[in-house]
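Chains A and B, in that order, are what the protein sequence lines are. Numbered per the numbering used here, the first sequence finishes at 412, counting up by one with no gaps. Numbered per the numbering used here, the second sequence finishes at 407, counting up by one with no gaps.
Keep in mind the hints are simulated off the structure, nothing from the lab. Quick caveat: nothing in here was measured; it's all calculated off a predicted structure. Idealized CB from N, CA, C, for every residue including glycine. Take the hints with a grain of salt, since some may be wrong.
Listing some non-contacts, in silico: residues in chain B with all C-beta distances to chain A over 12 Å [unchecked claim]:
{"id": "1", "residue": "Lys61"}
{"id": "2", "residue": "Gly204"}
{"id": "3", "residue": "Ala232"}
{"id": "4", "residue": "Ala289"}
{"id": "5", "residue": "Val322"}
Cβ-Cβ distance ranges computed for the label pairs, FRET-style [claimed, not checked]:
{"id": "6", "chain 1": "B", "residue 1": "Met203", "chain 2": "A", "residue 2": "Arg190", "range": "34 to 40 Å"}
{"id": "7", "chain 1": "B", "residue 1": "Asn387", "chain 2": "A", "residue 2": "Arg192", "range": "48 to 54 Å"}
{"id": "8", "chain 1": "B", "residue 1": "Pro72", "chain 2": "A", "residue 2": "Asp278", "range": "34 to 40 Å"}
{"id": "9", "chain 1": "A", "residue 1": "Asp278", "chain 2": "B", "residue 2": "Met203", "range": "48 to 54 Å"}
{"id": "10", "chain 1": "A", "residue 1": "Met321", "chain 2": "B", "residue 2": "Ile163", "range": "44 to 50 Å"}
{"id": "11", "chain 1": "B", "residue 1": "Ile163", "chain 2": "A", "residue 2": "Ala58", "range": "50 to 56 Å"}
{"id": "12", "chain 1": "A", "residue 1": "Asp334", "chain 2": "B", "residue 2": "Gln229", "range": "37 to 43 Å"}
{"id": "13", "chain 1": "A", "residue 1": "Arg135", "chain 2": "B", "residue 2": "Ile163", "range": "48 to 54 Å"}
{"id": "14", "chain 1": "B", "residue 1": "Ala101", "chain 2": "A", "residue 2": "Arg192", "range": "20 to 26 Å"}
{"id": "15", "chain 1": "A", "residue 1": "Arg185", "chain 2": "B", "residue 2": "Gln229", "range": "30 to 36 Å"}
{"id": "16", "chain 1": "A", "residue 1": "Arg190", "chain 2": "B", "residue 2": "Pro72", "range": "38 to 44 Å"}
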Amino acid sequence: MRSPIRMTTPGIARRSTMLLSLPLLAFAATVSAQETWTVRAAKAWISPDRAAENVAIEITGGKISTVEDAQAVDDTSAPRLRSFSKGVITAGFIDVHRAPITQDSIGERAESFTPELEASHAYDAWSTRWKRLLRRGVTSAVIAPGSENVAGGQGAFVKPGRPARSSDSASYLKFSLAREAISRNRRPTSMLGALEILRDGYASLEGRPGARLTPAQRSLATTIGGARRVAIAARTRREILASLDLLRTWQLLGCLIHGNDAADCLDALDADKTPIVLTPLGLDAARKERDLPGLLAKRGIPFAFAGESMDEREMPALQTSLALAVRDGLAPEAALAAVTTTPALIAGRSEQVGTLLIGRDADLVVWSGDPWDLRSRVLLVVQDGRIVHDAALTHSMNTKNEVSGR
Amino acid sequence: MSFRTWIHAGVAIAAFGLSTSVSAQENDETPVLLKGATVFDGQKVLEGTSVLLAGGKIEAIGKDLTAPAGARTLDCSGRWITPGLVDANTALGLPNAQENEQSDEITPHLRIVDLYDVEARDVVRARQNGVTTAYITPGELNVFGGLGAVVKTGGPEPIVLEESGIRMTLGNMPGQGNKPFRTFGKPDEMYFRRPQNRMGVIWEVRKAFYDALDARETDIGPTQQMSAATKTLIRALDKELVVRTVARGDQDIRTAIRLAQEFGISLVLDEATEAYACLDYVVAAGFPVVATAPSLRNVPDNATPHFDTVALIAKAGVPVAIQTGTSPVSLPLIREAAFAVRGGLDRNAALASVTSVPAKILGIDDRVGSLSAGKDGDVVVWNRHPLSLGSRAENVFIAGVER
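Just chain B, same shape as in the assembly (with noise of 0.2 Å):
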């Protein structure tokens, strides 16, 4: 076998032992009759409506199913139930909510899925607010932090997209460990380097592209192999990878955006906190939005919340999600929805937001964030109105089993 097949191979071993690895936990292939409750699928709600589990997927959903042989029958009459939710934005289950590789300002190859764990403390309290899905994120402190994935938070495949995303942080946040020559840093040390400010982010990404669009461009032989950097950037120039922008200031939210069309990039608006100043530009470049949670009243860079940003931008009809982010003050997601709701979205959009739209943004709306036959056994089961406030995740099902 050539060098080559057995590296592929052991890739293959290497996703086939984390899955089976990290969740032995359960294997009960039970289907489960969820019966008479009040349904959002993701678009609408039904009231009286049953969801029936079985192989791992939603088996049907409608008013009159009755239980299989064997199943189990949960009586949900007076419950609700949602798909189970999407977070667009988190550090779950990672060592730090910033994880970057600081020695260098360019590091879009960098895998966030290898510091994954799923039984991690925080990924337990997402699942157990009803969170099943979520994108995990590189830090902030590089201008191309690195690729993020998509995750559920338990079940036997907790992978499902290993890379999903780069990281592209504009605002001051990678100039923040950078030192200068006059506040204690040395010429010869690693942080004595590049950007120090918005300015200096912005050379950084146009280098970054124009130096990967070079490398397309020109053969540069076999001798010299193009660095996993440039690799990555031209997948992102090939729309073959979104590019998840940090921009919380309006003024970083209209350069991304110009960033973007000038490069011919795919863009999501991570932590767009100042998009309600900018909206005409939002709404014109089309791209979907991932809000900065609702209820924060302090973010970096300067940038003022407003609570009824994510309102604004769904009436403007622009794809907003809700995000817990890399806050560690945010709320659970739920709560974050129900913030939203009190700036004034729509209770159904807000519970979208949650759910479909994130999903759509992740490009895995054929598995998550919706309740149809054929899709992941995902499923909250809510002992009343999700976004009321005294709402809890009675159960909840990741692949079909309650976890």
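In isolation and in its complexed conformation, chain A is listed as follows (with noise of 0.2 Å):
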């Protein structure tokens, strides 16, 4: 079966849209949740080490039953099937540190602590500007605090624009060592007092196992022993040292976010290993801030790119640093992980998503080329089993409630 969606020119593909759109709006509107359907593309990364050609990726209920050979399916007893002959299928990009919509950065600045706070409640699913990230390929997140408090709170796991409770969406607890956790205002106002801060949240809570504790202290507790990871905010070379020293002291597993100077403490972050999130590569990015992802995955320290971009008069964010860091020699293969398999162990998710194996959830996207190819656009997004993104369609329809959140 030809793909019905194939366009040539654009003046044919917004008529032809029109017209082919009715089918594929039934189609989109009929996939629910619970049935199964295929979609079928030239080529799928089903994790970054693992391409194959021609592929026909099973849906049932919301994760992937099958992926397999696509000349095995056969097209009549295919009822749901959407095909891409030229499509390059990826595991939906997973943006593990971000603010939520209706603010540039959550955190309470009357305090410099506040490791209870939870940025679940900071988290609008119903809101429709998400489709702007789903557009992107972007289909789980990180709501995080921001970097102003030293214990910004708790970070939450999210499949943008579908609810979540605080009690399943809890991933890693934000710390922070940058600059603008220190203020001259409040304490800390100084490194030393940041760190004495997070020290002495830890000193409290030894001798007390099972003590009444505050929910700040409940909050800490929960990263002991690796339980729930722990991301700190440093920038500078002593920023960086110092966070991985207090990972050290206090046996947390941990990553940092930003880590500009990370070029300048390989063999701090070498020994062992601590993932960076990074800042995303955008198209001013200095020479230093382009070389920096291929160091790091010489030394084979796992790095994730985070922060896409909801304004779209600008570059998506994640692709382009994609293209800019495969375009100064980092291999496709890392550059892919660095938004899929990476930040999906910084958040913990390791088992649910960031690959197309069978059993994880159905979020995938379906680019026209390879997705470190600027020229490359997104043609499909599926976010547990559903369409959230259809690029045949947006052309001839007024997409505002697209997204089907609940």
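Could you fit the two chains together into a complex? Lean on the hints.
And the structure:
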């Protein structure tokens, strides 16, 4: 079967999608979470280290139920099939450190030590603006407290546009030793003080197993022994070294956010391979920023890109990062890992998202080419088995309420 | 494993990790023979002497040393060798010269060692100028600023002592950032607080020590935990930790000595700019002095520096070390020692004031500050007498390896 949505020129495309959109619309509307359907493409990245040609992925009940050679799929026996003869399928991107829609950054600035706060409370699943993120291939995200508090609060792993309860969305605990956590107007005014606050917090748990803990202490206690990851915002060499020291001292499972000067302390990072969440590479990125992914990859230090832009006038930040990193010599596999498997690891959801293995959430993106090629467009985005963005439809209809959030 | 056990294990791992991470530059264990130099061993000058470095330590020092097999031999005829210099008070490798947590005045428990970066530019510069060991200190903006540390400027183990002395600042400096009501301060602001001046600073010192004495004497029970600040001050009262006081004016020096005698603490007089004006007190008290950098003409607290201060203190028999301190305009340590010579200090005493004397004051004279078998292999080869104007540190060895 030939794909019904192949386009030749924009003019014809617009007219033809008008004509074709009726059956497509019917298809999109009828794919419910429980049904079985198949998406087929010329190539699929099952995981960053495994690509396959001509793949059909069967989705049942919001999960991936089968991944097989497309030749084996009998067209007549596949009642619900979306086929992309030149498409490339990847796992849905995971934006592992981002702000909610309504604010640039959430942080309770009146105090610097607020580990009990939960970012899930600032997450509005019903906003139609999440579709801007979905349209760029991001199907999961961790809503994170900002870096302005030494202990900002608990991140929330969410599927943008889908409701999440605080109990099952819990993700890493966010700390910060970055400059913005230091303020002249409240404690701490220095990095000495910031370190003291965190050390004090953990020391206060000592010898109090099961004792009556404050909400802040309860939150810190969940990170002990690596049960929950902590993410520490650190930019300069000194901040990074202090963060690593903190992780070792209290035996925490950690990751670094920003890590701008990571190239200056590769040896320290190499020791326990702490993952780093990098700021996306812009077209104006300095040489030092563009070199960093390659240096980290060479040492085997895991890294992720996070912070997709919701501004539609801007380039898609994650795709641009992949393109620039690959252009500067990073292996495409490593680039893909930086937006799929590594963020899944950091979010603590490796068994759920990040790859297209059987049993994983059916979060996938069909691209018109490889995602690290800036010419590639997003053709289809599937989240939990539902089509949440379909490029063939967006020309012909007002998509204001397209995201089927519930 | 109990919580406490693995916390301690964690600290050990952290210390190990820090030491391995910061300087994996060199692991060259080749013995080095420095042959036929004029050697200052920390006390006296020895002509035509050789120094053998092996295994990170000084293996031997003497006239007729032969190089073991595979050793690197450096002909040092016409050269001078001194122990690696020891700077008794600096802000090397710290983000700011005045590093303080200003949300509180009494922060004796904050550890400056957490911020030390052995690869910082000023550390590298100090090492190139022959400094191999330094005391790093918190700033002067708090009455009790925090715990200083003794560090090396390179090598596989840059941290010598994690907690070495408590910074206690007298004079006007701690009052600088605090805002009284009439000069734009607001009562709801963090900086609307004591102290504003000398009187307030002394009050804060005495209150903190009396609180610590109270806590030590009273059994406050398991439910009420002692603050970390109080615990640290109790260590000072027990003479476990030395108090490093900043006292520039003669009034502040006398105050520091009086406070030390009142609470029975052991003191090091840092930045004793006007020690010449109260020399009798200093001699009688017997506390060692770390003199303000002799080249400085402008120092805080309206203190007046004299060229001959260090010479006078040394002549009076008080152990005196020379520091570069936290001033941005002080010269390399060896040049500051030369300024002290200009002020009348004996040459060997000047060299001792940047090697063996500070090592003794910091309590690390068993490891650094002098040249004898078994000491750390921290050695500097100078192209001529180190105190002459044209001297240059040609080879700097830390732990037996040229850095």
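For each hint, the structure was consulted:
1. Residue-level check passed: Lys61/B sits 25 Å from the nearest beta carbon of chain A, beyond 12 Å.
2. Residue-level check passed: Gly204/B sits 20 Å from the nearest beta carbon of chain A, beyond 12 Å.
3. In this structure Ala232/B is not separated from chain A by more than 12 Å, as the shortest Cβ-Cβ distance comes to only about 7 Å.
4. For Ala289/B, the shortest C-beta to C-beta distance to chain A comes to about 31 Å, beyond the 12 Å cut-off, and the non-interface label holds.
5. Separation of Val322/B from chain A is adequate, the least Cβ-Cβ distance of about 32 Å exceeding the 12 Å criterion.
6. Separation of Met203/B from Arg190/A is about 26 Å and departs from the stated range, judged on CB atoms against 34 to 40 Å.
7. Checked against the hint of 48 to 54 Å, the C-beta distance between Asn387/B and Arg192/A comes to roughly 53 Å, which is consistent with it.
8. Separated by about 38 Å at the C-beta atoms, Pro72/B and Asp278/A satisfy the suggested range of 34 to 40 Å.
9. Between Asp278/A and Met203/B, the C-beta spacing of about 51 Å keeps the proposed range 48 to 54 Å intact.
10. For the hinted restraint 44 to 50 Å between Met321/A and Ile163/B, the CB-CB distance of approximately 46 Å keeps it satisfied.
11. Between Ile163/B and Ala58/A the beta carbon distance is about 52 Å. The supplied range of 50 to 56 Å therefore holds.
12. For Asp334/A and Gln229/B, the hinted distance range of 37 to 43 Å is not satisfied, since their beta carbons lie about 53 Å from each other.
13. At about 50 Å, the CB distance of Arg135/A to Ile163/B agrees with the hint of 48 to 54 Å.
14. For Ala101/B and Arg192/A, the hinted distance range of 20 to 26 Å is satisfied, since their beta carbons lie about 23 Å from each other.
15. At about 31 Å, the CB distance of Arg185/A to Gln229/B agrees with the hint of 30 to 36 Å.
16. Against the hinted window of 38 to 44 Å, the Cβ-Cβ separation of Arg190/A and Pro72/B comes to about 58 Å, which falls outside the hint.
Comparing the model with each earlier hint shows violations of hints 3, 6, 12, 16; every other hint is respected.
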